[in-house]
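Colleague: Based on the hints, put chain B in the right spot on chain A.
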Amino acid sequence: MTLSLQARKLACERDDRWLFEDLDLDIQAGEIVRIEGPNGSGKTTLLKILSGQLADYQGELFWNGLPMRESRQAFLESLLYLGHAPGVKAALTPQENLAWYQALAGDSGSEAARLTSLASVGLAGFEDVPAGQLSAGQQRRVALARLELTPRPLWVLDEPFTAIDRDGVEALEERLIEHARAGGCVLVTTHHPLRQTDELRRVSLGGGGQRHAEH
Amino acid sequence: MPNTESLSPATEGRTSARGAREPAGGLAVALWATLRRDLVLLMRRRSEVLNPLVFFALVITLFPIGISPDPDLLATIAPGLLWVAALLAALLSLDSLFRGDFDDGSLEQLLLTPQPLPMLGLAKVAVHWLLTGLPLALMAPVLGIMLSLPAGSYLVLAVSLALGTASLSLIGAIGAALTVGLSRGGVLLSLLVLPLYIPVLIFGAGAVQAAILGDGALAHLAILGALLALALMLAPWAIAASLRISING
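The listed protein sequences correspond, in order, to chains A and B. So the first sequence is numbered by our numbering: it starts at 27 and just counts up by one. So the second sequence is numbered by our numbering: it starts at 9 and just counts up by one.
In case anyone wonders, no lab produced these hints; they're calculated from the structure. Beta carbons are placed, not taken as given, at the ideal position from N, Cα and C, and that holds for glycine. Any given hint might turn out to be false.
Unchecked claim - One-sided excerpt, in silico: chain B residues whose CB lies under 10 Å from chain A:
#1 A38
#2 T42
#3 R44
#4 R45
#5 R52
#6 R53
#7 D109
#8 D111
#9 D112
#10 S114
#11 E116
#12 L119
To be verified - From the derived model, a few chain B residues whose C-beta atoms are all more than 12 Å from chain A:
#13 V62
#14 T69
#15 F71
#16 L82
#17 P126
#18 I153
#19 G160
#20 L190
#21 P203
#22 L204
#23 I206
#24 P207
#25 I220
#26 A227
#27 I231
#28 A237
Said to hold, decoys possible - Here are some of the chain A residues that sit facing chain B, going by a computed Cβ distance under 10 Å:
#29 L106
#30 L108
#31 V114
#32 N123
#33 W126
#34 A129
Excised from the complex, chain A in its bound form (with noise of 0.2 Å):
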């Protein structure tokens, strides 16, 4: 699995503020990259930018070496975006949410994937239980479930750990990593300390544009 995700002096302004400017980034398979900051530093500005749904910033966006309005397709197909919002019904049931999302990437869909995603996320016996009645920490598991449900190579997550239990939070970070592992590519926000390992990088957005790059 071959897959580059690079941006070039990417700059984004908001309320007059640059969030972050000349910002260089590259990004390969193998790896786990994690925006850090502090509150309001741009994290999620910039996960919406890399994953295509913010136009209004300077730069250019690059995806396998082509720049990103041409290859747009074909890194939307490669493209898995969990945001601070799970996406979640809450008047449909698990199955049901998950069977949309199945559809969504174009693929009819059975039901024993959707029964083996969610068992792999903590919520076998949920499955036909309105997702309105499940707690945030499950619902956020419901949109969890879709890592396994459709397999892309390029993962975004906005705060994947948020409402999630400490045993959660560990085997979501051990998935993590085997996807990363298995040539896949994840970019993460959070506040939760990761654990150190070979694949995980990190980029720090400060306040008001000053930025370093740790390789």
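Modeller: This is chain B only, laid out in the frame that chain A set:
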């Protein structure tokens, strides 16, 4: 600049491999699933579906009481009245079209799927029409009896409303998509959308009027159909662009 030359063969390899893996009916599967999901969602929140229909029935019931029970007078104002009430009822339900998806993050996900967004938007609009426009069109003849609408115009009333409300849903969805990011977009939505509703209203009410006068409503219905065809052609792209703008903000 990264070295594009050395990387592009790998990219081509990837896309073709992916193309082989993706089942052929990808878009059809996604559209069908979106239709079904929205239908199930609305069926589980019946009040949202019933609201516009109840509003429509109430307005039409109150008019004879408020104005006059005189059948001749009512028959004159019936076409316009039925159409205006149906239009407002459809407008009433528009605000929630994308609101729920925006609030729980599903809309972000919808924008990031490899499927074409205009088509997915169209599926959502189709559900809106199936659960507001179509029931309004089916209800209207019954309410027409209350307004002593002359016999012979009932079918035209239902057909004109079915065609017209489809255009209304499509046009309204553009406004709903533009205002979904605003916390109080309701009034703005009405202001944005109402001017565009006027042609539909004129030809819709005109069709019923023509049927009453025996002029032949076909010309009006044809224009309604043409408006719908135009809306079907242009609105999906406008909806997709508006959603992108809203998410950007």
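Colleague: Next, verify each hint and record whether it holds.
Modeller: Consistency of the hints with the structure:
The criterion of a C-beta within 10 Å of any C-beta in chain A is met by A38 (chain B), whose closest approach is roughly 5 Å, and the hint holds. Checking T42 (chain B) against chain A by beta carbon gives a least distance of about 7 Å; that is within 10 Å, so the hint holds. Proximity of R44 (chain B) to chain A holds as hinted, the smallest CB-CB distance being about 9 Å (cut-off 10 Å). A distance limit of 10 Å between C-beta atoms decides the matter here; for R45 (chain B) the minimum to chain A is near 5 Å, and the interface restraint holds.
The beta carbon of R52 (chain B) is positioned within 10 Å of a beta carbon in chain A (closest approach about 5 Å), and the interface hint is therefore held. Residue-level restraint check for R53 (chain B) holds (minimum Cβ-Cβ distance to chain A is 7 Å; threshold 10 Å). Interface restraint check: D109 (chain B) against chain A, minimum CB-CB distance 8 Å, threshold 10 Å, status holds. A hinted interface residue such as D111 (chain B) counts as satisfied when its beta carbon comes closer than 10 Å to some beta carbon of chain A; here the least separation is about 7 Å, so the hint holds.
Checking D112 (chain B) against chain A by beta carbon gives a least distance of about 6 Å; that is within 10 Å, so the hint holds. Hint on S114 (chain B) holds. Least Cβ distance to chain A is approximately 5 Å, under the 10 Å limit. Hint status for E116 (chain B): holds, given a least beta-carbon distance of 5 Å to chain A, under 10 Å. Hint status for L119 (chain B): holds, given a least beta-carbon distance of 7 Å to chain A, under 10 Å.
With a least CB separation of 21 Å from chain A, V62 (chain B) remains clear of the 12 Å interface cut-off, as annotated. Every Cβ of chain A is farther than 12 Å from the Cβ of T69 (chain B); the closest lies at roughly 31 Å, confirming the non-interface assignment. With 12 Å as the threshold on Cβ separation, the claim that F71 (chain B) sits away from chain A holds: the shortest Cβ distance comes to roughly 36 Å. No Cβ of chain A comes within 12 Å of the Cβ of L82 (chain B); the nearest lies about 41 Å off, and the non-interface call holds.
Residue-level check passed: P126 (chain B) sits 14 Å from the nearest beta carbon of chain A, beyond 12 Å. Listed as outside the interface, I153 (chain B) is consistent with that label: its C-beta sits roughly 36 Å from the nearest C-beta of chain A, beyond the 12 Å cut-off. In this structure G160 (chain B) is separated from chain A by more than 12 Å, as the shortest Cβ-Cβ distance comes to about 43 Å. No beta-carbon of chain A is positioned within 12 Å of the beta-carbon of L190 (chain B); the least distance is around 17 Å.
Here P203 (chain B) stays apart from chain A, with its beta-carbon at least about 28 Å from theirs, past the 12 Å limit. Consistency note on L204 (chain B): stated as away from chain A, and its beta-carbon is indeed over 12 Å from all of that chain's, at 26 Å minimum. I206 (chain B), annotated as away from the interface, keeps every beta carbon of chain A farther than 12 Å; the closest lies near 33 Å. No Cβ of chain A comes within 12 Å of the Cβ of P207 (chain B); the nearest lies about 33 Å off, and the non-interface call holds.
I220 (chain B), annotated as away from the interface, keeps every beta carbon of chain A farther than 12 Å; the closest lies near 43 Å. Residue-level check passed: A227 (chain B) sits 42 Å from the nearest beta carbon of chain A, beyond 12 Å. Distance check for I231 (chain B) against chain A: the nearest CB is about 37 Å away, which clears 12 Å, and the non-interface claim stands. Residue placement check: A237 (chain B) keeps its beta carbon more than 12 Å from all beta carbons of chain A (closest about 28 Å).
The criterion of a C-beta within 10 Å of any C-beta in chain B is met by L106 (chain A), whose closest approach is roughly 9 Å, and the hint holds. Satisfaction of the interface hint for L108 (chain A) is found here, the shortest Cβ-Cβ separation to chain B being roughly 9 Å, below the 10 Å cut-off. With a least beta-carbon distance of about 7 Å to chain B, the hint placing V114 (chain A) at the interface is held under the 10 Å criterion. Taken as an interface hint, N123 (chain A) checks out: its beta carbon lies about 9 Å from the nearest beta carbon of chain B, inside 10 Å.
Look at W126 (chain A): its Cβ gets to within about 5 Å of chain B, closer than 10 Å, so that hint holds up. Residue-level restraint check for A129 (chain A) holds (minimum Cβ-Cβ distance to chain B is 3 Å; threshold 10 Å).
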